[in-house]
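A.B. asks: Given next are the chains, with one letter for each unit.
Number of protein chains: 2
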Amino acid sequence: MSSPPAKTHVSENRTDPAFLLACNCRKAPYVPVWFMRQAGRSLPEYRELRSRGTILEAIMDPSVAAEITLQPIRRYGVDAAILFSDIVVPLVAVGLEIEVSPGTGPVLAKPFRSRSDLSRLRPLVPEEDMAYVIDAVKLLRSELPTSIPLIGFAGGPFTLASYLVEGGPSKDFALTKAFMWSEPVLWREFLDLLAEIALSSLLAQVDAGARAVQVFDSWVGGLSPDAYARFVLPSARRIFDGLRALSVPSIHFGVGTGELLSLMGLAGANVVGVDWRVPLDIARQRVGQGRAVQGNLDPAVCLAAWPVVAREVRSVLKSAGSAPGHIFNLGHGVLPSTDPGILKAVVDLVHGESTK
Amino acid sequence: MSSPPAKTHVSENRTDPAFLLACNCRKAPYVPVWFMRQAGRSLPEYRELRSRGTILEAIMDPSVAAEITLQPIRRYGVDAAILFSDIVVPLVAVGLEIEVSPGTGPVLAKPFRSRSDLSRLRPLVPEEDMAYVIDAVKLLRSELPTSIPLIGFAGGPFTLASYLVEGGPSKDFALTKAFMWSEPVLWREFLDLLAEIALSSLLAQVDAGARAVQVFDSWVGGLSPDAYARFVLPSARRIFDGLRALSVPSIHFGVGTGELLSLMGLAGANVVGVDWRVPLDIARQRVGQGRAVQGNLDPAVCLAAWPVVAREVRSVLKSAGSAPGHIFNLGHGVLPSTDPGILKAVVDLVHGESTK
Chain A
116 MSSPPAKTHV
126 SENRTDPAFL
136 LACNCRKAPY
146 VPVWFMRQAG
156 RSLPEYRELR
166 SRGTILEAIM
176 DPSVAAEITL
186 QPIRRYGVDA
196 AILFSDIVVP
206 LVAVGLEIEV
216 SPGTGPVLAK
226 PFRSRSDLSR
236 LRPLVPEEDM
246 AYVIDAVKLL
256 RSELPTSIPL
266 IGFAGGPFTL
276 ASYLVEGGPS
286 KDFALTKAFM
296 WSEPVLWREF
306 LDLLAEIALS
316 SLLAQVDAGA
326 RAVQVFDSWV
336 GGLSPDAYAR
346 FVLPSARRIF
356 DGLRALSVPS
366 IHFGVGTGEL
376 LSLMGLAGAN
386 VVGVDWRVPL
396 DIARQRVGQG
406 RAVQGNLDPA
416 VCLAAWPVVA
426 REVRSVLKSA
436 GSAPGHIFNL
446 GHGVLPSTDP
456 GILKAVVDLV
466 HGESTK
Chain B
116 MSSPPAKTHV
126 SENRTDPAFL
136 LACNCRKAPY
146 VPVWFMRQAG
156 RSLPEYRELR
166 SRGTILEAIM
176 DPSVAAEITL
186 QPIRRYGVDA
196 AILFSDIVVP
206 LVAVGLEIEV
216 SPGTGPVLAK
226 PFRSRSDLSR
236 LRPLVPEEDM
246 AYVIDAVKLL
256 RSELPTSIPL
266 IGFAGGPFTL
276 ASYLVEGGPS
286 KDFALTKAFM
296 WSEPVLWREF
306 LDLLAEIALS
316 SLLAQVDAGA
326 RAVQVFDSWV
336 GGLSPDAYAR
346 FVLPSARRIF
356 DGLRALSVPS
366 IHFGVGTGEL
376 LSLMGLAGAN
386 VVGVDWRVPL
396 DIARQRVGQG
406 RAVQGNLDPA
416 VCLAAWPVVA
426 REVRSVLKSA
436 GSAPGHIFNL
446 GHGVLPSTDP
456 GILKAVVDLV
466 HGESTK
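Top to bottom, those sequences are chains A and B. Here the first sequence stands for residues 116 to 471, numbered as in this note's numbering. Here the second sequence stands for residues 116 to 471, numbered as in this note's numbering.
One thing to keep in mind: the hints can contain errors.
Identical copies look the same in the list; a pair holds intra-copy or inter-copy alike.
[Said to hold, decoys possible] In silico DSBU-like links for lysine-lysine, alpha-carbon gap of 30 Å or less:
no., residue 1, residue 2
1, Lys433, Lys225
2, Lys459, Lys286
3, Lys471, Lys286
4, Lys225, Lys286
5, Lys253, Lys433
6, Lys225, Lys253
7, Lys225, Lys142
8, Lys471, Lys142
Note that these hints are calculated values from the structure, not bench results. Given the structure is predicted, the values throughout are model-derived calculations rather than measurements.
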């Protein structure tokens, strides 16, 4: 049942970027840090660049996407870049009519309602369907310093399924879960299609220059461990199995996944992302030896004054301990109202504290 | 630091209702069952009764509120009634302008934004401010059989605070948490005021005939254990300390509280409610000896066909084990699209399985 963590094939030494060392549970010179949603909403230079057009238009323009990806690197001094994109992009690329509305999220005009809807999920051919993503990654490969790896990403199968079945964001995933419980065979087929699309997208991003990947199964924490093991883990494993031959580490993240952390580790990623609800010492136990953890400052803490933020950053570092295999991050995405100055100070504090 | 569970002062024997026996971790003839939100949306007789007027108008009419409370008793054969009301009622009763919109939830016209807003929270005088609640409870005392206890309820301090600060439902509680982290002294004062209002409401409901109470701190699972312990637990404890002298058991519930279960137990309730994310054997360990657990079927399971529901009900019973102190419930409220026939069958199955 258990898949071992994928071993990366590149040689690793102290000259490798701290982020990659930590992903592989190797000793790094300091605790690396990046922020989910570091590229975007909270940056004034982003809002200026994005004053016109939709978010999908920005994503589909390689030079704009690359520029937005680079903005937080310049501003914060983080240890990794993450491609400016969206988890629904590969679904748009295979022809689904999805809009991403500010403040709402992805909305699908015609939600999946019957067996025949699965035929709308044709396999992704990244070079043809989303050349703009590949071009953005290639641009970034040439513009980023070698010390700052680019993280490619994809949506996890439950989260993508939930948008397609609910037609948009959901509080309780009632329709999605009703499908899952009622039609387990069809559900598995559905999730495997989504996993294959995610995998194709990730492989193309790595091929173009991404040096790590993150699978955002953001809403999978809505499931019990038993339901996760039965209805999502097999499809999640397809993704990480498909990444195993590559020389890049993988990260697996969802919100509210306290009881799922060990199962998410079994899916095969090198790193399990943890939200702020689970102290990292407990998360490390659940994730198990040989896997790194990523997290987990509550993003809302960054809305407080600096002394409060600094205390909480130190608390996260203390809970993670000094063993290798910790990437500092927020427990979820940067909140739009966050002061960029606070995030810059967080990066400096994490670096400073962990080299003491 | 630890408060022992409140001991109820009534004599308990096999003629006591199964629900009360289970709340007090006494051996019951079968596993009692009720459903959060059993009174309401999913019942056609409710929708008929509620075809006119707002939800607050229905709550404020004692005969309507009592009738809606009784509907699920007749329909499902559950072991407890829960008063048809809303957690914001005591806040409306002290003069806040709150509307409860269908599908949205409570919306406060003027959210709390500064120190001076705390003065809008005057103490609750239930007999004057919400006589309609007391009258509904008195009506129910005379109409319910002694075998079916009425559960009174109130909102927990974090959840009430979140509605007042955000002005309505929230995904990330950014403003609420920013207040909490930034102004801990004022926050404590704020939460203590809310706890006192909740306690006054609960005491009045018990005085009028409620035989158990539940504190719904529904959204407290958005906090880390450390934040919960610092910012909510002291105020939650005020409520359960204030209930200790009464002869009624108390239940403490929130969603997504896996890492908080032991702390929520320490707040002093007899029973800790658990959502579907934590298997009940693990929840029992976290809650600790001497406290019962309530839960925890995923409400979305009830949207599947009966064989699936039956399997999952048995799985919950198995995970809870045969030790005294389990009240069967959903892990959160009944979903509006639930077939009432399924809920009736769940009650029968729980009763049947647990008397085998």
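A.B. asks: Now, for every hint given, state plainly whether the structure supports it.
C.D. replies: Consistency of the hints with the structure:
For the identical chains of this complex, Lys433 and Lys225 are neighbours neither inside a copy (47 Å) nor across copies (40 Å), given an alpha-carbon limit of 30 Å. For the identical chains of this complex, Lys459 and Lys286 are inter-copy neighbours only, at 25 Å across copies versus 33 Å inside a copy, given an alpha-carbon limit of 30 Å. When the C-alpha separation of Lys471 and Lys286 is checked against a cutoff of 30 Å, the pair qualifies neither within a copy, at 43 Å, nor between copies, at 37 Å. Taking the shortest Cα distances, Lys225 and Lys286 sit within 30 Å of each other both inside one copy (19 Å) and across copies (25 Å).
In this homomeric assembly, Lys253 and Lys433 never come within 30 Å of each other (Cα to Cα): the closest approach is 38 Å inside a single copy and 54 Å across copies. In this assembly of identical chains, the alpha carbons of Lys225 and Lys253 never lie at most 30 Å apart, being 34 Å within a copy and 50 Å across copies at closest. For the homomeric pair Lys225 and Lys142, neither the shortest alpha-carbon distance inside one copy (49 Å) nor that between copies (52 Å) is at most 30 Å. In this assembly of identical chains, the alpha carbons of Lys471 and Lys142 lie at most 30 Å apart only when taken from the same copy (15 Å versus 57 Å across copies).
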